[in-house]
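J.: Residue strings, one per chain:
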Amino acid sequence: MLLMGNEAIVRGALEAGIRIAASYPGTPASEIGNTLAEVAKEMGIHFEWSTNEKVAFEVAYGASMCNQRGLVSMKHVGLNVALDIMEMAALRSVKGGLVFVSADDPSQHSSGQEQDQRWLAKQNCVPALEPSDPQDAKDFTVYAYELSEKYQLPVMLRTVTRVSHMRSNVKLGKLQKLEREAKFDFEQFSYVVAGFDRLFYGREREANEKIAKIKVEFDSSPLNKLAMTGKEKVGVIATGQTYNYVMDALVKLGAKDKVAVLKLGTSNPLPEGLITKLLKGVEKILVTEEPDPFVELHVKALAKDANPRVELYGRINGKLPGEGELMPLTVDGVIAEMLGEKLPANPRADVEREAKDMIFGRMLTVCAGCPHRPSIYALKRAVKAVKGDLHKIVMNGDIGCYGLAWAPPMSYEDTYFCMGASLGVSQGMSQVGVDTIAWIGDGTFFHAAIPALMNAVQTKTNIKVVVADNSVTAMTGFQPNPQSGKTATGEPTKSISIEAIAKAVGVEHIEVTDAYDTKATEAAFKRMLQTEGVAMVISRRICATEAIRKMRPKRPVPYVVDESKCVGCKLCLSTFGCPGLNFDEAKKKASIDPTICMGCGVCAQVCNIDCIHGRDE
Amino acid sequence: MKTIRVVIAGVGGQGTLLATRLIAETAIKQGLNVRIGETYGMAQRGGPVMGHIQIGEAYSPQIRPGEADALLGFEIAEATRRGVTYLKQGGLAIVNSKKMPPVEVISGMRKYPEEEELIRLLKRVSSRVAVFDATKLAEKAGDPIATNMVMLGALAVAGVLPFGEEEITATMKESIPARFLELNTKAFRLGAEAFRESK
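Chains A and B, in that order, are what the protein sequence lines are. The first sequence begins at 1 in the working numbering and counts up one residue at a time. The second sequence begins at 1 in the working numbering and counts up one residue at a time.
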């Protein structure tokens, strides 16, 4: 069956008989939750898009203490949010198998950083498994549950974007329902029953002892495969997905019999016996992994005893780049070098350079009809009107589609860091006398902003908060959030109101506007900027892509430019810049691409000579 | 069987993913191995997207530079951008002439290159380039959203894949919801026709 890496993980968890799954969306992990949302009802399991990753982890851990298997998934930085409870689950132990996916993103395809979360597995005595493809992803997940229950530890399934989004044929196993009675284990988890001292102290030693046992078990685990005849002079430790690059390189170089390969599927703890065997047998060794030299550093330490003269190739000695994904050609080159060969230089360098000079980079931007574009447009105008200069105030953005406010032609957003940070950093700036706006989306507001908002009220900090509310978690694929009024599996539930929360925590100035009405929104922003204390505007309108999805198979009615009126001033392009707009260089007139326009009509409000109209106007 | 490699290049929202999946599912039904790698950026729309399909034996989800048997370019600038790197010498490029100007062009920072310039550059890698306006054909079929099926129809009759029109349309019948099938099949046929005429 054709499965994406993320779908294969779900399949593995269902074959292992999970009872519960929880996630917070984030690329490249989102399809795990999307798939669970589709199948949860049919499979009779609970799935939820939790408010944030910490809650998700806690939900699954709660079920684990009642002897049920659970799955938690998130993008790598989500694990930072869940770290508090992950560490506790490792120390206090689990009962029902608890597997969590950290979907890492080397080279930052869709992330602010490429943090390698294997260090957190090491730091917290958590086993980490690294699949190389969708088949591994399925098989490793099934095994992760056995491992988790055998050692009563949570297990990290660590993927990278190339595995999360890889699709290939997967051989399936049987789906399983465990029918275990849900029962809290007082002996294992209750301070009263088990005794405080026994539960609270000395757990690090216990965790270390577990890892020491697992290390031995991993030497003979099918997750690690050593292909070695003893005649090779060169060896490669190919971790996770990089195994694919190594095997392709060996096929290309015709060097399969000259290179010993350890396919490494367990990066914490490392199978030290297997690595030692390989180190002793070869003269040169390469470690391939992404993005940090995590395994390599440990291999270097092991080499001190096993074979101090072995020549170590990898990221530490600069034979591979120190960060980022590996590129197949880079791996080809370094293996060729180890074999004493040299690959020809790129014959396409010239034509590639010409293409690079000729073709734009295609910057990201929010979609045609996106409600964030008019919100930014109105905010910029309001700040100019009230403050005189955009640099009289710092615009602190946050994580989501609206984070693209920095991109031209809007070019209006000074900072963005991590979920919810806009509200916190704005307060620090304000406390030292620098005016600020926190620019945050609805999903991010629920995820991480509420404590910071309470902080601002309690400390009487003068901050302005704009909630760019498109009513879905759009960037990751339209997952519901607490205000959507529906659960992950589509059941109706209460819709939680942002303005009610703000009011409850003591924000006195709250206005809600329609993002498509630029005049009203601009006026609301002006009032907000002129208010002392914590002031909030919620600029609301459903995500354009979601709106089009709901309207299908109908299509939106596009707007048109009245060419007899257009003077070719490009105001709509240079100040608003919707991807549906274009400029006809021959006619010197603006135009609207009917295949892209979604009929929001905001550009008609931007045009100051009234030359853009709806089809029936 | 020799491994068949196809690179799909386009812009987010053009439906490259569905085209990729239909090829892959058809291959699996023929008992062939498939490996697909996809690169898509942060935004749902507007950013460059690229899919790598390999049918037959392959480890890496990424096709190595200069090894693609065919390039399916959903947007002309993206076609040249990826083609010059991935298309093998003498490989086949099927290119939608549709221009989707990015924000750099819309806001006046950059010019959109001329079609002739883009094609000239692509032809330095391979002279086998078929260019037509697939989006216009999709509109003719009923909705520009079906551009992906026009492109797929062209690839189906190009003789690159180890299967053809019939096998892919059979997969379409299984995978596409009934209410969209007519539109998609019509677009697919128009794409096949356009490729045959481009020769």
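Hints should not be assumed to be uniformly reliable.
Said to hold, decoys possible - For lysine-lysine, the following DSS-like pairs were computed, each having C-alpha atoms within a straight-line distance of at most 27 Å:
| id | chain 1 | residue 1 | chain 2 | residue 2 |
| --- | --- | --- | --- | --- |
| 1 | A | K171 | B | K2 |
| 2 | A | K252 | B | K88 |
| 3 | A | K554 | B | K136 |
| 4 | B | K29 | A | K171 |
| 5 | B | K88 | A | K356 |
| 6 | A | K183 | A | K150 |
| 7 | A | K174 | A | K380 |
| 8 | A | K225 | A | K174 |
| 9 | A | K550 | B | K29 |
| 10 | A | K122 | A | K252 |
| 11 | A | K150 | A | K252 |
The hints are simulated quantities; they were obtained by calculation from the structure and are not laboratory data. Only a predicted model underlies this, so the values are computations on that prediction, with no experimental measurement involved.
J.: If a hint holds in the structure, say so; if it doesn't, say that too.
T.: For each hint, the structure was consulted:
1. About 23 Å separates the Cα atoms of K171 (chain A) and K2 (chain B), which keeps this hinted pair within 27 Å; it holds.
2. Restraint check: the Cα-Cα separation between K252 (chain A) and K88 (chain B) comes to about 16 Å, which is no more than 27 Å; the hinted pair holds.
3. Distance check on the hinted pair: K554 (chain A) and K136 (chain B) sit about 18 Å apart at the alpha-carbon level, within 27 Å; holds.
4. Distance restraint check for K29 (chain B) and K171 (chain A): the Cα-Cα separation of roughly 14 Å lies within the 27 Å cut-off, and the hinted pair is therefore satisfied.
5. Distance restraint check for K88 (chain B) and K356 (chain A): the Cα-Cα separation of roughly 18 Å lies within the 27 Å cut-off, and the hinted pair is therefore satisfied.
6. Between K183 (chain A) and K150 (chain A) the alpha-carbon distance is near 18 Å, which keeps this suggested pair within the 27 Å criterion.
7. Using a Cα cut-off of 27 Å, the hinted pair K174 (chain A) and K380 (chain A) is violated, with the two alpha carbons roughly 57 Å apart.
8. For the given pair, K225 (chain A) sits about 25 Å from K174 (chain A) by alpha-carbon distance, which is consistent with the 27 Å threshold.
9. With a C-alpha separation of about 32 Å, the suggested pairing of K550 (chain A) with K29 (chain B) is violated against the 27 Å cut-off.
10. Restraint check for K122 (chain A) and K252 (chain A): not satisfied, since their Cα atoms lie roughly 35 Å apart, outside the 27 Å limit.
11. Taking the CA atoms of K150 (chain A) and K252 (chain A), the gap is about 41 Å. The hint is violated against a cut of 27 Å.
Of the numbered hints given earlier, the model fails hints 7, 9, 10, 11; all others are met.
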